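J.: Sequence:
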Amino acid sequence: MNSREPSAAQEPRIEPRTEMTSSDEDDDSKTIECNTEQPYSIAPFNPSSRSAQDHALRLFSLTSDDVLFDLGCGDGRLLLTAASQVEGVRCVGIELDPIFVWRGRTALAKLPHEVQQRVQIRHGNVLLYDNNEPLCEKEDNEQVLHACSDLTIREDATAIYLYLLPKGLARLKADFLDSLVDQRMEHDGTKGRKIRIVSYMFRIHGWDPVAIDDGLHGGVRHYLYEFGSDAPSD
1 MNSREPSAAQ
11 EPRIEPRTEM
21 TSSDEDDDSK
31 TIECNTEQPY
41 SIAPFNPSSR
51 SAQDHALRLF
61 SLTSDDVLFD
71 LGCGDGRLLL
81 TAASQVEGVR
91 CVGIELDPIF
101 VWRGRTALAK
111 LPHEVQQRVQ
121 IRHGNVLLYD
131 NNEPLCEKED
141 NEQVLHACSD
151 LTIREDATAI
161 YLYLLPKGLA
171 RLKADFLDSL
181 VDQRMEHDGT
191 KGRKIRIVSY
201 MFRIHGWDPV
211 AIDDGLHGGV
221 RHYLYEFGSD
231 APSD
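Residue numbers for the sequence shown follow full-length UniProt numbering, beginning at 1 and rising by one.
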């Protein structure tokens, strides 16, 4: 991992992609306008506020046994917060934009080594990769030896965070999440493990949330969904 920020000539050109909530530290109720013309505009980089992160992590109630995936993780700030707050939790983020992957890895490198070993930010498209394989670019020895390198969503995730537009949620649900939930509903060894999914801002249509967090001052909502052997039944 490089320790220096790349020059402007080296940085990939990344355009904002849609309208979402602003990243004010203590206010998650404002909006900003961005470009919606990008073909991959299912999740713009518009970082969630620290308040929003705290609300999401409170819904998850993570423990040292959890594996948290953030699909469309931006610069990975939710993952870094989770790993710093919850001892033992392992965190994996997948992000399409390379500059945000770089920023997340750079921020991670500033944290204690013990935290670094429990967070991995992967470069890839959540809608295109093979869900049965760990998506991991082996860019250097640190990534190869990383404690999270072999983790997959289908086999290992116990918590998934989604900050996606409705069309992104709908496509991910149809392409992958429905089959993941069906797998976790099977009471067959590890397939019966509970999975918790938190969606920020938007409901996942077709599912009923088990809890809704209204955010700071009744602001933007988080929706919690649970499936698996010890999750609430329909």
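Just so you know, these hints were derived from the structure itself, not from any lab. Everything numeric in this text was worked out from a predicted model, so none of it was measured. Mixed in with the good hints there might be a few duds.
Here are the simulated EDC-like cross-link-like pairs (lysine to aspartate or glutamate), alpha carbons at most 16 Å apart as the crow flies [unchecked claim]:
id, residue 1, residue 2
1, 194, 156
2, 194, 214
3, 194, 182
4, 194, 65
5, 194, 150
6, 194, 175
7, 194, 66
Derived CB-CB ranges, DEER-like [claimed, not checked]:
id, residue 1, residue 2, range
8, 175, 114, 31 to 41 Å
9, 208, 175, 12 to 22 Å
10, 114, 174, 32 to 42 Å
We put the CB at the ideal spot given by N, CA and C, even for glycine.
J.: Residue 194 and residue 66: Cα distance at most 16 Å?
T.: 10 Å, holds
J.: With the threshold set at 16 Å, check whether the alpha-carbon distance from residue 194 to residue 150 stays at or below it.
T.: Status violated; Cα separation ~20 Å.
J.: Evaluate the given range 12 to 22 Å for the C-beta pair formed by residue 208 and residue 175.
T.: 21 Å, holds
J.: Between the beta carbons of residue 114 and residue 174, is the distance compatible with 32 to 42 Å?
T.: Cβ of residue 114 to Cβ of residue 174: about 38 Å, so the range 32 to 42 Å holds.
J.: Within a Cα-Cα threshold of 16 Å, do residue 194 and residue 156 meet the stated pairing?
T.: 11 Å, holds
J.: Does residue 194 pair with residue 175 here, judged by a C-alpha cut-off of 16 Å?
T.: Violated. Residue 194 to residue 175 sits at ~20 Å, over the 16 Å cutoff.
J.: Does the alpha-carbon distance linking residue 194 and residue 182 stay inside the 16 Å limit?
T.: It holds: about 11 Å lies between the C-alpha atoms, which stays within 16 Å.
J.: Is residue 194 close enough to residue 65, meaning Cα to Cα at most 16 Å?
T.: Within the cut-off at roughly 12 Å; holds.
J.: May I ask you to test the hint 31 to 41 Å on the CB atoms belonging to residue 175 and residue 114?
T.: Holds - the Cβ-Cβ distance for residue 175 and residue 114, about 35 Å, lies within 31 to 41 Å.
J.: Under the criterion that the straight-line Cα-Cα distance not exceed 16 Å, is the pair residue 194, residue 214 satisfied?
T.: 24 Å, violated
Of the hints listed earlier, those the structure fails to meet are numbers 2, 5 and 6, in rising order.
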